[in-house]
Amino acid sequence: MCLAIPALIKSIEGKEAEVEIGGITRRISLWLTPEAKVGDYALVHTGYAINVLDQEEAEETLRLLEEIAGMAEEEG
Amino acid sequence: MKFITEFRRSELAEGLISQIHRQSKTSVKFMEFCGGHTVTIFRYGIRQVLPSTIEMVSGPGCPICVTANADLDKAITLAQIPDVIITTFGDMLKVPGSHSSLQKVKADGADVRIVYSTMDALKIAERNPTKSVVFLGIGFETTAPTIAASILQAEKKISNYYVLSLHKLCPPVLRAILDSGEVKLDGLICPGHVSAIIGSHPWEFIARDYGIPCVVSGFEPLDILQGVDMLVAQIENGESKVEIAYRRGVRPEGNQQALKLMEQVFEPCPAQWRGIGEVLNSGLKLREEYQHFDAELAFDIDPGPTYEPKGCVCGDILRGVKTPIDCRLFGKLCTPGHPVGPCMVSSEGSCSAHYLYGGGFEG
Ligand code: SF4
Numbered sequence: 001m002c003l004a005i006p007a008l009i010k011s012i013e014g015k016e017a018e019v020e021i022g023g024i025t026r027r028i029s030l031w032l033t034p035e036a037k038v039g040d041y042a043l044v045h046t047g048y049a050i051n052v053l054d055q056e057e058a059e060e061t062l063r064l065l066e067e068i069a070g071m072a073e074e075e076g
Numbered sequence: 001m002k003f004i005t006e007f008r009r010s011e012l013a014e015g016l017i018s019q020i021h022r023q024s025k026t027s028v029k030f031m032e033f034c035g036g037h038t039v040t041i042f043r044y045g046i047r048q049v050l051p052s053t054i055e056m057v058s059g060p061g062c063p064i065c066v067t068a069n070a071d072l073d074k075a076i077t078l079a080q081i082p083d084v085i086i087t088t089f090g091d092m093l094k095v096p097g098s099h100s101s102l103q104k105v106k107a108d109g110a111d112v113r114i115v116y117s118t119m120d121a122l123k124i125a126e127r128n129p130t131k132s133v134v135f136l137g138i139g140f141e142t143t144a145p146t147i148a149a150s151i152l153q154a155e156k157k158i159s160n161y162y163v164l165s166l167h168k169l170c171p172p173v174l175r176a177i178l179d180s181g182e183v184k185l186d187g188l189i190c191p192g193h194v195s196a197i198i199g200s201h202p203w204e205f206i207a208r209d210y211g212i213p214c215v216v217s218g219f220e221p222l223d224i225l226q227g228v229d230m231l232v233a234q235i236e237n238g239e240s241k242v243e244i245a246y247r248r249g250v251r252p253e254g255n256q257q258a259l260k261l262m263e264q265v266f267e268p269c270p271a272q273w274r275g276i277g278e279v280l281n282s283g284l285k286l287r288e289e290y291q292h293f294d295a296e297l298a299f300d301i302d303p304g305p306t307y308e309p310k311g312c313v314c315g316d317i318l319r320g321v322k323t324p325i326d327c328r329l330f331g332k333l334c335t336p337g338h339p340v341g342p343c344m345v346s347s348e349g350s351c352s353a354h355y356l357y358g359g360g361f362e363g
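In order, the protein sequences belong to chains X and W.
Position one of the first sequence corresponds to residue 1 (the numbering used here), numbered consecutively onward.
Position one of the second sequence corresponds to residue 1 (the numbering used here), numbered consecutively onward.
Just so you know, not all the hints are guaranteed correct.
[Unchecked claim] If the Cβ cut is set under 8 Å, some of the chain X residues that face chain W in the computed set are:
#1 Met1
#2 Cys2
#3 Ile12
#4 Gly14
#5 Gly39
[To be verified] Computed list of lysine-lysine pairs in DSS-like fashion (alpha-carbon distance at most 25 Å, straight line):
#6 W:Lys29 <-> W:Lys184
#7 W:Lys157 <-> W:Lys184
#8 X:Lys10 <-> W:Lys2
#9 W:Lys332 <-> X:Lys15
#10 W:Lys29 <-> W:Lys322
#11 W:Lys310 <-> W:Lys94
#12 W:Lys131 <-> X:Lys37
#13 W:Lys241 <-> X:Lys10
#14 W:Lys285 <-> W:Lys332
#15 W:Lys94 <-> W:Lys260
#16 W:Lys104 <-> X:Lys15
#17 W:Lys322 <-> X:Lys15
#18 W:Lys285 <-> W:Lys310
#19 X:Lys37 <-> X:Lys15
#20 W:Lys106 <-> W:Lys131
#21 W:Lys123 <-> X:Lys15
#22 W:Lys25 <-> W:Lys156
#23 X:Lys37 <-> X:Lys10
#24 W:Lys184 <-> W:Lys106
#25 W:Lys2 <-> W:Lys25
#26 X:Lys37 <-> W:Lys156
#27 W:Lys2 <-> W:Lys29
#28 W:Lys157 <-> W:Lys2
#29 W:Lys104 <-> W:Lys94
Derived from the structure by calculation, the hints contain no laboratory data.
A quick note: this is a predicted structure, and the numbers were derived from the prediction, not measured.
Don't be surprised by glycine CBs; every beta carbon is placed ideally from N, CA and C.
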């Protein structure tokens, strides 16, 4: 029930935003994430953005996982 | 889809899996608290790819499953009051209470509507000024701020909107489970979206006071594997601390705005958990300033005595002491089409995950 899905913020109007989730456009509320900007990816839970996703952290995590996979290959 | 598909890459999963196999020496039992994690673990067959040293148990992190029958009965009774419209998330409809379910009373004429968001419930209230619209406030810290936001939006504008606040808080129930001593855990995968709101600090007492390593994980298969990998590393290094594997979605301090709104509208109260009983400070009730939104105060609800579904061991499953295959009804009398208990109704309940993804034969 705590499902939240990444959505791209296309436009913002007051405390609401238009987002795209997998090709579908939806209106969501920004009451919980006043810092959200157009172009950000928000985590959307029951129609509310509950956080703005951190792109740099995502890339950093993937880099780390790639390193682990590289190591596994070398040793494997 | 961005932020999703990258975290499903199989070559990265293989890397993590072989690292886990290489590093895991000690036999351990890890709990995934959250029902969303349970679903990922079953859908991707993660239990099967882990070494035999690692046992995973599901925890109580399914808000629908842990809602006590007495509270369900209140919701069902409310639905039968004339001129009341119940608005709720879809999963609630089929959950059997002591005598009936929302679905059954709806079939008998009660006005029960499924909504995607509290924003939809507010619109229904605006369009039906002569009716009372009650939103069933079920959910953890992830959902409670959205309910708080709906109350603040309704304040001074919409006078026929009410909330039945059955929200539950995760850290206090974990303490209760650990204090009971019934299940011995060596590591905890902490809920990702609850932590998106509350941050990682509220889990620190588990690492500090109970010596149990904690990792906050996301919901893609790589997130879970990374969480397990980090737990294994802590175990093998003899550490117990709180780490975040889901850094793109969770900051240590959480979402301050969401916490502020939640705090403004709600205060902690004792709450009843199915199978666990009353847990101090694990619920949320409306603060005095917002009590005119409280459905329990606005309506006279007396559902009478409660009954538990006979033979259902959901309560034990939620505490991590039994698994669905320990239930004699599992897959026979109890299926997603004919659920006897809530763990089979909710898409993220353990019984439903076992049934749908066939993890049911490895205990
Ligand atoms: S299989 Fe059904 S009856 Fe058994 S514990 Fe799960 S929900 Fe309850």
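Requested in this report: Take the C-alpha atoms of X:Lys10 and W:Lys2, compute the straight-line distance between them, and say whether it is at most 25 Å.
Outcome: 15 Å, holds
Query - Given pair status - X:Lys15, W:Lys104, alpha carbons within 25 Å - result: Violated: W:Lys104 and X:Lys15 sit about 38 Å apart, past 25 Å.
Requested in this report: Mind checking the alpha carbons of W:Lys94 and W:Lys260 for me, to see if they're no more than 25 Å apart?
Outcome: Judged against 25 Å, a Cα distance of about 33 Å means the pair is violated.
Report task. Would you mind confirming whether the straight-line C-alpha gap from W:Lys131 to X:Lys37 stays at or under 25 Å? Result -> Since the Cα atoms of W:Lys131 and X:Lys37 sit roughly 38 Å apart, the hinted pair is violated (cutoff 25 Å).
Report task. Hold the hint about X:Cys2 up to the distance rule: shortest CB distance to chain W must be less than 8 Å. Result -> 4 Å, holds
Query raised in the report: Is W:Lys241 close enough to X:Lys10, meaning Cα to Cα at most 25 Å?
Result: 39 Å, violated
Query raised in the report: Within 25 Å, alpha carbon to alpha carbon, are W:Lys285 and W:Lys332?
Result: Cα-Cα ~39 Å, so violated.
Query raised in the report: Taken at face value, is the distance from the CA of W:Lys310 to the CA of W:Lys285 at most 25 Å?
Result: Judged against 25 Å, a Cα distance of about 31 Å means the pair is violated.
Query raised in the report: Quick one, are W:Lys29 and W:Lys322 close enough, alpha carbons at most 25 Å?
Result: 14 Å, holds
Query raised in the report: CA of W:Lys157 to CA of W:Lys2, is that 25 Å or under?
Result: 38 Å, violated
**Report entry** 25 Å limit on alpha-carbon distance, applied to hinted pair W:Lys310 and W:Lys94
**Finding:** 17 Å, holds
Query raised in the report: Do the alpha carbons of W:Lys157 and W:Lys184 lie within 25 Å of each other, as the hint requires?
Result: 50 Å, violated
Hints 3, 4, 5, 7, 9, 12, 13, 14, 15, 16, 17, 18, 22, 24, 25, 26, 27, 28 from the list above are not met by this structure, while the remaining hints are.
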